[in-house]
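A.B. asks: Each chain, letter by letter, is given below.
2 protein chains.
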Amino acid sequence: MNPTLATDTADSAEATASVTPEMTPITAVYRIRCAPNAVEQVCQNIAYEQTVEVPPALAEADDRIRRWVGRIDSIQPIPGVPDGFEARISYDHLLAGGQLPQLLNLLFGNTSLQKNVSLSDVDFPEELLRNFRGPQFGVEGLRRLLGVHGRPLLATALKPVGLSIPELAALAHEFALGGGDLVKDDHNLHDATFGAFQERIARCHEGVCRANAQTGRNTLYLPNLMVPVEQLERYLKYALSLGIRGVLVSPFIAGLDVIRSLAERYSTLVMAHPTFAGGYCVEPKQGIETGLLLGKLFRLIGADISIFPNYGGRFSFSQADCQSITRHLRTPLGQLSAAWPAPAGGMRIDNLPQMSRQYGADAIFLIGGALLSHSGSLKNSTREFLKRIESQFSTRLVEPDTGFASACEVPRSAAASTNASPVVLTHLSHSPATGAWEGRPIAAYKACQSLPFRDVVRHELIGPFGEQTDFDLRYFAIAPGGFSSLEKHAHTHAVICVRGQGTLAVGDEIVQLKAMDVAYVPPMHVHQLRNESTEPFGFFCIVDHERDRPQAP
Amino acid sequence: MNPTLATDTADSAEATASVTPEMTPITAVYRIRCAPNAVEQVCQNIAYEQTVEVPPALAEADDRIRRWVGRIDSIQPIPGVPDGFEARISYDHLLAGGQLPQLLNLLFGNTSLQKNVSLSDVDFPEELLRNFRGPQFGVEGLRRLLGVHGRPLLATALKPVGLSIPELAALAHEFALGGGDLVKDDHNLHDATFGAFQERIARCHEGVCRANAQTGRNTLYLPNLMVPVEQLERYLKYALSLGIRGVLVSPFIAGLDVIRSLAERYSTLVMAHPTFAGGYCVEPKQGIETGLLLGKLFRLIGADISIFPNYGGRFSFSQADCQSITRHLRTPLGQLSAAWPAPAGGMRIDNLPQMSRQYGADAIFLIGGALLSHSGSLKNSTREFLKRIESQFSTRLVEPDTGFASACEVPRSAAASTNASPVVLTHLSHSPATGAWEGRPIAAYKACQSLPFRDVVRHELIGPFGEQTDFDLRYFAIAPGGFSSLEKHAHTHAVICVRGQGTLAVGDEIVQLKAMDVAYVPPMHVHQLRNESTEPFGFFCIVDHERDRPQAP
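Residue numbers (the numbering used here), protein chains in the order written: chain P, 1 to 553; chain Y, 554 to 1106.
This is chain P alone, in the form it adopts within the complex:
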């Protein structure tokens, strides 16, 4: 199978002769409203519009073009819908290139602009699904984090805008004390500056952690990541650096592919909010079927949890919409884990049994106002709601899996904050007498029991002090007999030996470094620097400014 869509010169003659190979199809299901005698033409238009976008005569004349045109598999009337048809059109999965942007464009790009055509489902081949990680935690992973089995989870939102940080933190604390499972920021809650975000989420997280210390449970706090795309990762990394395990994201605001990318690259629980999605799913004659949109697509981009307006609440979602979302989140989908439906709104203490029957155990009940207004104490209300839920299920509580949160690295010092203001020309004069640089304190090397080291001194030089670099420059001195911790991480090292000599071990490879030698340590390779000589060993080490924490081998 030829993976390039634009054929090379040399190949083109051959290609013309040998094309139309058996394709692996992505099959889109469209719902069309039109006169019965027009439906075939509408389908043909879609098959061309979504692929080659030229008049049929031009495509028919050239096999290299014709082979990419969508294939109409079937057209069926929709029972009970006058002038309603369901058409299945298959595309060669190579047209999506295993990539979300091109996939969305292929399924519904220009056709989204046609009246009376909606995208109601898609069958993805394994070849395509393999390119997507999907939910990282999913149903099972989140249950392990929480240690909660057998019942739906209870979640709430911190709001409204205008409350003080201590008030928001107190709400989070109370909810966790009451045994609630997840407390997220309201999606309208945001901060004027990164500093304000840092303070707010640190206090809210701390409120939850204090409660967890009392209850022995592992209630999770998920802050709202609604910030410009340039800042998303900075905010996320800060949250993760506090030990926060997940975030609230808004894929239709941030971009579906942005969330896919974040979810793929970070170890974070992803709770997806449907804000701004309405354009696609409110009018059934147009757009994308609700379950496909907030179920299958959210799961494809890595959402562990999909929030949606529950039927009977203040939005116009029907029971069928909610069922469809739930089904798409749970139905087998290649290697992708099942994700959580999180109906929001329309849930009260009295209809929890009904909601429990409706959604079953693997759902998250997101309850805001009804919980807050139930009694004077959020802790007590949370307990009552939980008790009511538990009365419908056989709940099993086990030790939460908090392993990740105990991963060790000392947080950055205040001076080394990424929040420092930009600096201008910096000259760090080196003192041969002290071995240090003017204006740069000597930092203790990672003080962490599980990654032991000996006789290592670290000097942070460039990067953490407001310099606008994508990298940090540090200097390490290892005394004779000393060594750095044996560790691995996704970020890489570039090392420049400038003093004495040392040993660099990377996996099974060992190299000797002498003055002016340069070395590169690749991602996720266990490594260690040792001084096996009798003289001091000194080297510069350059790392990416934004980097993951070291892990034990």
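What the hints contain is simulated information worked out from the structure, not anything from laboratory work.
Incorrect hints may appear among the rest.
[Said to hold, decoys possible] So the derived list for chain P, only partly shown, Cβ under 7 angstroms to chain Y, looks like this:
(1) G109
(2) V229
(3) E509
[As the list claims (entries may be wrong)] Straight-line C-alpha distance at most 27 angstroms; calculated DSSO-like pairs for lysine-lysine:
(4) K668(Y) to K115(P)
(5) K790(Y) to K237(P)
(6) K668(Y) to K285(P)
(7) K237(P) to K488(P)
(8) K838(Y) to K285(P)
(9) K285(P) to K115(P)
(10) K668(Y) to K514(P)
(11) K115(P) to K1041(Y)
(12) K668(Y) to K838(Y)
(13) K1041(Y) to K1067(Y)
(14) K790(Y) to K1041(Y)
(15) K514(P) to K488(P)
For each residue, glycine too, the CB sits at the ideal point set by N, CA and C.
Following the hints, put chain Y in place on chain P, whose structure we already have.
C.D. replies: Just chain Y, lined up with the frame of chain P:
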């Protein structure tokens, strides 16, 4: 005015007493379909839903909360629309924080999920608009690039999928020979790998450049940037490195904020495609008014050109839709430049005069099929179409402004391609005898007349050879009396002196570097390294892997 939304403890008592300051409003105009006696309640629901999202009683009891609730300015029946109302609701602009994601969420986040409510316009205050760069080239800037004044521009698309690279390049070449203004990739055209993209766009661009050399004009080629978000900047930078001046983007696929960020940070013409936008703008009872969506919002995120389906073509956009888009692109909007409407489809040689009257001179006619099928020669067809357009206007051609394209830096060598495969442990042993590193050729320092230098040797060590780093590590040796070019750029330098001594000049500041000294050169500061001693001066220099080109002071 208090810029933090969550008030601090210390302030909260005071805040309660002193709030409800005069706000600077963002005013949203919603169109609502409901019974006349329900419309006030619907408006109140919107005002709360989009801001505090709690029951009115709770907000009314606390001034700190109440002050953020949307203000209903007016509700008017829409003439001729039964049960149709237009409501203006104002929000404190601080709720958007000057940021696009929060702005979209504020205007239409959850309310997008309500039936029978659409967002029909928005009045942005200057305070908000100041945060947006808007079109970087706009109408005037693109005219200067092209040297074409007084008439609409003619654009075409390279397609279909399946053509070979030389065939696509030949189409681009012919169109440019015919005097066409802009040739873009079809939005369905993409490549299986970065290497394939590199080859394809280099050949297409080269086809256009060869034609430009013949015609003396400056036809522009805009490649399609439909790739995963992690790769967007790599693709864009490659295009810009070829001297390509602009790109085709799809904001509803990539994310509106992603395109805003790209447009803000790169010197590139942005042509925005409406693919996948249909959910928002096909059904007038829902979603976002077409002109607001593809006109005002596209302009806000920095689109220089907005493509939309022309009326009378194969899509269902009305003449009124096209007029609304055009109006929103041109009407004064704070400090934002006017942008180009680019109607596509429904244009033929015979209705060009009518289209010219409809859109006026400041429009781009995007003509694909009709141009290709007009005659056997795309060059001749392009000439004929242009002649027809020019017959309606007083065209003035001047020297195109190609200044940017002649900016000098030698392209990266093949070995230094970012396309190299990942490497594992690298050990570069330094030879004191040769002063070089094993496996790393000595590179010539920038061979560019306009940025002169003397006696500088560059060794590229880490970064360009497949290492997964966010930075590059190089070593420079400057002989006595030598100097690097006096230059500036947005990226920064970290310098480590390891041999001899040298002078670093940054603006008016001069520092002397001796062995082991470290220096940082901030962005856009003119700088130079000089060896004023009698011994060789050697230093490591670390730069961001992704970086801009040096500019003359």
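A.B. asks: Decide, hint by hint, whether the structure agrees.
C.D. replies: To see whether the hints hold, each was checked on the structure:
1. G109: holds, 4 angstroms
2. V229: holds, 5 angstroms
3. E509: Holds, because the Cβ-Cβ distance from E509(P) to chain Y comes to roughly 5 angstroms (cut-off 7 angstroms).
4. K668(Y) to K115(P): Holds, at about 17 angstroms.
5. K790(Y) to K237(P): holds, 26 angstroms
6. K668(Y) to K285(P): holds, 13 angstroms
7. K237(P) to K488(P): Judged against 27 angstroms, a Cα distance of about 18 angstroms means the pair holds.
8. K838(Y) to K285(P): Holds, at roughly 12 angstroms.
9. K285(P) to K115(P): Satisfied, since the Cα-Cα distance of roughly 8 angstroms is no more than 27 angstroms.
10. K668(Y) to K514(P): violated, 71 angstroms
11. K115(P) to K1041(Y): Violated, at roughly 52 angstroms.
12. K668(Y) to K838(Y): Since the Cα atoms of K668(Y) and K838(Y) sit roughly 8 angstroms apart, the hinted pair holds (cutoff 27 angstroms).
13. K1041(Y) to K1067(Y): Roughly 23 angstroms between the alpha carbons, so the hint for K1041(Y) and K1067(Y) holds.
14. K790(Y) to K1041(Y): Within the cut-off at roughly 19 angstroms; holds.
15. K514(P) to K488(P): holds, 23 angstroms
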